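For the record, the sequence lines run as chains G and W. Residue 138 in the working numbering sits at position 119 of the first sequence, and the numbers go up by one each step. Residue 408 in the working numbering sits at position 304 of the second sequence, and the numbers go up by one each step.
If you are wondering where the hints come from, they were derived from the structure by calculation, not from laboratory data. Note that this is a predicted model, so its numbers are computed, not measured. From the three backbone atoms N, C-alpha and C, an ideal C-beta is built for every residue, glycine too. Don't take every hint at face value.
[To be verified] A few chain G residues that don't get close to chain W, going by computed Cβ distances all over 12 Å:
(1) F43
(2) W83
(3) I166
(4) A194
(5) Q199
(6) I205
(7) F213
(8) V223
(9) L224
(10) A268
(11) D307
[As the list claims (entries may be wrong)] With the Cβ distance kept under 10 Å, some of the chain G side facing chain W (calculated, not the full set):
(12) A65
(13) A217
(14) N226
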Amino acid sequence: MTAITPVTTDTVVSAAPFWRLKGFPLIPVSILLLIAFVAVFADLLAPHDPQIGSLARRFKPPFWLEGGSLAYPLGTDHVGRDVLSRLIFGGRIAFAVGFAAAIAACVVGSALGLAAGYFGGWTDRIVSRIVDVWMAFPPVLFSILLIAVLGTGLGSVILAIAVIDWTRFCRVVRAEAMSQARMDYIENARIAGFGRFAILLREVLPNVLPSIVALLSLEMGIAVIVEAILSFVNLSISTDDPTWGGMIAEGRLSIHQAWWMLVFPLITLFLTVLSFSQLGEGLKTHFDPVLR
Amino acid sequence: MRAPCLEISALSATLPTGSRVLRSVSLVVEPGEVHALVGESGAGKSMIGKAVLGVLPTSVRIVEGQIRLEGTDLQALPAKQRRRLTGARTALIPQDPLTALNPSRRVGPQMTDRLVGILGWDAGRADARVRQLLDEVRIRQPERVLRCYPHELSGGMRQRVLIAAAFAAEPRLIVADEPTTALDVTVQKQILRLIADMQRERGTAILFVTHDLGVVAKISQRVSVLYGGKIVEEADVGALFASPRHAYTRALMAATPRYTDPVASLLPVDSTVLAGLAEEIAEADRAWRPLAAQATRSELIARLLPFRRSSRG
Chain G
20 MTAITPVTTD TVVSAAPFWR LKGFPLIPVS ILLLIAFVAV FADLLAPHDP QIGSLARRFK
80 PPFWLEGGSL AYPLGTDHVG RDVLSRLIFG GRIAFAVGFA AAIAACVVGS ALGLAAGYFG
140 GWTDRIVSRI VDVWMAFPPV LFSILLIAVL GTGLGSVILA IAVIDWTRFC RVVRAEAMSQ
200 ARMDYIENAR IAGFGRFAIL LREVLPNVLP SIVALLSLEM GIAVIVEAIL SFVNLSISTD
260 DPTWGGMIAE GRLSIHQAWW MLVFPLITLF LTVLSFSQLG EGLKTHFDPV LR
Chain W
105 MRAPCLEISA LSATLPTGSR VLRSVSLVVE PGEVHALVGE SGAGKSMIGK AVLGVLPTSV
165 RIVEGQIRLE GTDLQALPAK QRRRLTGART ALIPQDPLTA LNPSRRVGPQ MTDRLVGILG
225 WDAGRADARV RQLLDEVRIR QPERVLRCYP HELSGGMRQR VLIAAAFAAE PRLIVADEPT
285 TALDVTVQKQ ILRLIADMQR ERGTAILFVT HDLGVVAKIS QRVSVLYGGK IVEEADVGAL
345 FASPRHAYTR ALMAATPRYT DPVASLLPVD STVLAGLAEE IAEADRAWRP LAAQATRSEL
405 IARLLPFRRS SRG
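Next comes chain G alone, as it looks inside the complex (with noise of 0.2 Å):
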């Protein structure tokens, strides 16, 4: 994760790259789909079980490499283990963490962010010391720590992302508000005679989505390569379950063998990411009138 800088909102937004269909993030949106759909339908899609391997046929190539087949077509692992099956089954565990840690954080911190940038004052003051305080411990030590009280399984990392990243939008919604909280529309909605809170729904948040949606999607991305950090130090879930933080401390070890458990796995989880994060450019485009 310390790989990967916070995105702050400005420089989400760039010029479009050539392949996106008027503004649209076509082939993000399709890698994901296809690895979401894959994810989901593992049971019926994967070739063969991603858990039982045999020694007999360990370290087969790709397929297209002498000595690989079809029946394994991105080979097998140090155990005999198919590689495609179990990028399908950590995709699942993958998307899964991606999408619960995300939204817990995206609530928890959005809600705080907004409070605290719009009321102001001492909401403000607490808040912001909390985020101070927070963003003081290295995250991913402080997530394996967490794991380590928690203990492993996938409610505990999902708990462990979200209990760090909140902060992430926590920060950037609070200056959103902020900045929303001085602007004269939000003046007029208040001699209209509303109230405090029904001015932060009405007014406030439509013009601090666009960031919200594009930091939920980057914050997806994050938290896959946050769970694969920790399973890849095997503190994510039990060692059976694929997850492609596994796959690649497993093929780290055997690179010089197999470089196919190494390199799959690392494609996947940068594609996933990579998309994930243009979703969330695209995405904020399409949420903001002045953008679209």
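Model the placement of chain W on the given structure of chain G, informed by the hints.
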């Protein structure tokens, strides 16, 4: 006797530093009257408007005086009740139409918000009213405009929309905060006439904030001239222009640019006039003992006394 539409009496407001931004301002706006507030930037014109509407910056505190809207003392009301009351009976025509509409929301719902949310109208009635008002401000294709986002409309159009929105709830008082300043010169005149027409038809009182004496002459019946948060002269518009009593008012009039003699008319306000004003304001401040400050001090002493006694023994 009917209460005036707006009655401000001895209103003083301070910054946290203690300096006054409003100095015992008193003025009366009768129903159906346009009352202009003129003065240079920082004279406190907009502050008065904001105080009436209840949207003063949090750093500005009203320390003294009353604001009565149709006889109701606004500051005596609990916050929520005050919001409801001013929401139903007052409105604002803002200075900058470009920032006064929410960029993320369509124009239609923004206009009906107050009718539905505060006055409790049903959506159909609010829609019909807003359409009728857009018609009145001479917007063609009101249907289309209602579905637009603000950035799809020009500045003049947006100001028309805001004027329509301000009049939609049939308020008794509208605060117009330099409504033409941010507009193109060619549009200014139309907008001004529009406000004047709608005001006359409905008999809405307007507190018209401006620094343009030409506008004052055209639209208002009474004028208050402000300097340093103090009303230096108040008069009927005819009397003010015919025979201004205060030296500052005369200086302001002399400073109004004229086509016939553009260079000579661009006079700064004379330094002796400014010195006189400074003296007047200093005099007002010397005489001023904020009641609120006295109260808090005696309260503070009352609160400290038992503590001192108990700490002694």
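**Asked** Taking the closest pair, is the beta carbon of I205 (chain G) still more than 12 Å from chain W?
**Response** violated, 8 Å
**Request:** Please confirm whether Q199 (chain G) is truly not at the interface, meaning its C-beta sits more than 12 Å away from all C-beta atoms of chain W.
**Result:** violated, 9 Å
**Asked** Minimum Cβ separation between V223 (chain G) and chain W greater than 12 Å?
**Response** V223 (chain G) is in fact no farther than 12 Å from some Cβ atom of chain W, at 9 Å.
**Prompt:** Does the nearest C-beta of chain W fall within a distance shorter than 10 Å of the C-beta of N226 (chain G)?
**Reply:** With a minimum Cβ separation of about 5 Å from chain W (threshold 10 Å), the hint on N226 (chain G) holds.
**Item:** Exclusion check [F213 (chain G) not at the chain W interface, CB over 12 Å]
**Value:** At about 6 Å from chain W, F213 (chain G) fails to clear the 12 Å cut-off, so the statement is violated.
**Request:** Grab the minimum beta-carbon distance between A194 (chain G) and chain W and tell me whether it stays above 12 Å.
**Result:** holds, 17 Å
**Beyond 12 Å from every chain W Cβ - status for F43 (chain G)** = Nearest chain W Cβ is 19 Å from F43 (chain G), so the label holds.
**Asked** So is A268 (chain G) really clear of chain W, every C-beta pair being over 12 Å apart?
**Response** holds, 45 Å
**Asked** Is the Cβ of D307 (chain G) more than 12 Å away from each Cβ in chain W?
**Response** Per Cβ check, D307 (chain G) is inside 12 Å of chain W; nearest 8 Å; violated.
**Request:** Beyond 12 Å from every chain W Cβ: check whether that's true for I166 (chain G).
**Result:** holds, 39 Å
**Prompt:** Is it the case that L224 (chain G) keeps its Cβ farther than 12 Å from each residue Cβ in chain W?
**Reply:** violated, 9 Å
**Prompt:** Under the criterion of a CB-CB separation shorter than 10 Å, is A217 (chain G) in contact with chain W as hinted?
**Reply:** Check passed: Cβ of A217 (chain G) comes within 7 Å of chain W, closer than 10 Å.
This entry does not satisfy hints 5, 6, 7, 8, 9, 11 and 12, going by the numbered hints stated previously.
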